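J.: In order, the protein sequences belong to chains G and Z. Per my numbering, the first sequence starts with residue 408, numbered consecutively. Per my numbering, the second sequence starts with residue 961, numbered consecutively.
Keep in mind that a hint or two might mislead.
[Said to hold, decoys possible] Label pairs and their calculated CB-CB ranges:
hint, chain 1, residue 1, chain 2, residue 2, range
1, G, S527, Z, N1122, 44 to 54 angstroms
2, Z, H1185, G, R531, 43 to 53 angstroms
3, Z, E1045, G, L510, 19 to 29 angstroms
4, Z, K1137, G, S527, 29 to 39 angstroms
5, Z, D1126, G, P450, 46 to 56 angstroms
[To be verified] Derived BS3-like pairs: lysine-lysine, alpha-carbon spacing no greater than 30 angstroms straight-line:
hint, chain 1, residue 1, chain 2, residue 2
6, G, K507, G, K458
7, Z, K965, G, K418
8, G, K417, Z, K1046
9, G, K417, G, K564
10, G, K562, G, K435
11, Z, K1137, G, K436
FYI, nobody ran anything at the bench for these hints, they're computed from the structure. All of these numbers come straight from a predicted model, not from anything done at the bench. By construction, the Cβ of each residue, glycine as well, lies at the ideal position given by its N, Cα and C atoms.
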Amino acid sequence: MILIVDMNHKKGSLGFEEFVLPIASVVKKWEEYAIVHYKELTPQSIASVRKVILSGTPLMDKEFLHHYTNFSWLRETDTPLLGICAGMQFLALLFDSGLKNCLEIGMTEIETTAENPLFSSNFRAYELHTTAVEPSPDFEVLARSDNCVQAIRHKKKEIYGILFHPEVRNREIIERFLQH
Amino acid sequence: MMFMKLGVLFSGGKDSVCALAKAMEKEEVVCLISIISHNPESYMFHTPNIELTSLQARAIGLPLIQHSTKGEKEKELGDLKHAIEKARDEFAIEGIVTGAIESVYQATRVQRMCHELGLWCYNPLWKKDQVELLNELVETGFHAIVSGIFAYPLTEHWLGKNIDKDMIKELIKLNRKYQISPSGEGGELETTVLDAPLFKKRIVLDEWGIEAKGHAGVLSITRAHLGNK
Chain G
408 MILIVDMNHK KGSLGFEEFV LPIASVVKKW EEYAIVHYKE LTPQSIASVR
458 KVILSGTPLM DKEFLHHYTN FSWLRETDTP LLGICAGMQF LALLFDSGLK
508 NCLEIGMTEI ETTAENPLFS SNFRAYELHT TAVEPSPDFE VLARSDNCVQ
558 AIRHKKKEIY GILFHPEVRN REIIERFLQH
Chain Z
961 MMFMKLGVLF SGGKDSVCAL AKAMEKEEVV CLISIISHNP ESYMFHTPNI
1011 ELTSLQARAI GLPLIQHSTK GEKEKELGDL KHAIEKARDE FAIEGIVTGA
1061 IESVYQATRV QRMCHELGLW CYNPLWKKDQ VELLNELVET GFHAIVSGIF
1111 AYPLTEHWLG KNIDKDMIKE LIKLNRKYQI SPSGEGGELE TTVLDAPLFK
1161 KRIVLDEWGI EAKGHAGVLS ITRAHLGNK
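Extracted from the complex, chain G is given alone in its bound form (with noise of 0.2 angstroms):
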């Protein structure tokens, strides 16, 4: 079972159809999926399944970046995740990382900058965010665009954000997350 986090600012939202079921419609075709709003996300959510992917979020929802601190605990699981653009912020913010200004809308290049399980090589990526992260040493840096860092995975856990969109274009970068 793979638990898909919606990080969209309500539960209900109409960011959900745009963000939370692309990715489901990439699980699906691999595995069982839950789905539950990011408020609602509790440890014992996460003790059952296998995977988390956290979503991404309309441009002008930030509203996450208000509740992160409320799940610190996440910090402790051992359950492999996923978190894309907002929720790649997300995760990184609970690891003590900053973030910047970063506004790229659209298809960017990608350099891989680090050998990992999820791709390779140059590639072009859809994007959509205004603000990125400056990870912390806790993770290191798989992949940059010319204005920010794209993809990082903790050092010790396996955790992974990826600021662009696999769900849109790219999208074997999510089941190689579930396959590996």
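Chain G is fixed; fit chain Z onto it per the hints.
T.: Showing chain Z alone in chain G's frame:
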């Protein structure tokens, strides 16, 4: 509960009507926005029967902002921006909804525009399985007809046909054989919605004409009225 005030980019085709329906379920839609492009090959905008959007808006019961564009690539985006600004100023919209499904080209441009204008941007059909979407439309009572064909092997016989289960089966076959997008999002096929659950009245066609050559053609609706449901 506070609802967000939204404007929907409205072509009168099945995707924009479906996006409107989804937006109305969750937020407050206060206006529709239509761009009348004088370029039938517009990269951004649906063109067949776009003038019918004023009648469709009346059928739905929402105000419509219409704006014309010559349809020159990139310049037409400036025209769209003016229309969205007008919607923001007149109806205090906080965001825009589009019927984009796969087109990164369209989505990127509308997202940038909304960012510049400080508006939310929602695409509730984004990445939705196109056959699933067509089935959903038929099952929920949409009455949509084919009003434009722009790809091999489509011919004028498609024009005016209702989207129903048989047509969906045919579109699946064409997708397998010719890679035609089942929902026509690649511009292969355009539709016009005459009725849907959210319509308070239905559109009744009085007069129309077909212009077609080879694998390109349009059904032009020249006269129509509102009928009771």
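J.: For every hint, state whether the structure bears it out.
T.: Each hint tested on the structure:
no., hint, verdict
1, G:S527 x Z:N1122: 44 to 54 angstroms, "holds (48 angstroms)"
2, Z:H1185 x G:R531: 43 to 53 angstroms, "holds (49 angstroms)"
3, Z:E1045 x G:L510: 19 to 29 angstroms, "holds (20 angstroms)"
4, Z:K1137 x G:S527: 29 to 39 angstroms, "holds (34 angstroms)"
5, Z:D1126 x G:P450: 46 to 56 angstroms, "holds (51 angstroms)"
6, G:K507 x G:K458, "holds (28 angstroms)"
7, Z:K965 x G:K418, "holds (18 angstroms)"
8, G:K417 x Z:K1046, "holds (28 angstroms)"
9, G:K417 x G:K564, "holds (29 angstroms)"
10, G:K562 x G:K435, "holds (29 angstroms)"
11, Z:K1137 x G:K436, "holds (23 angstroms)"
In this structure, every one of the numbered hints holds.
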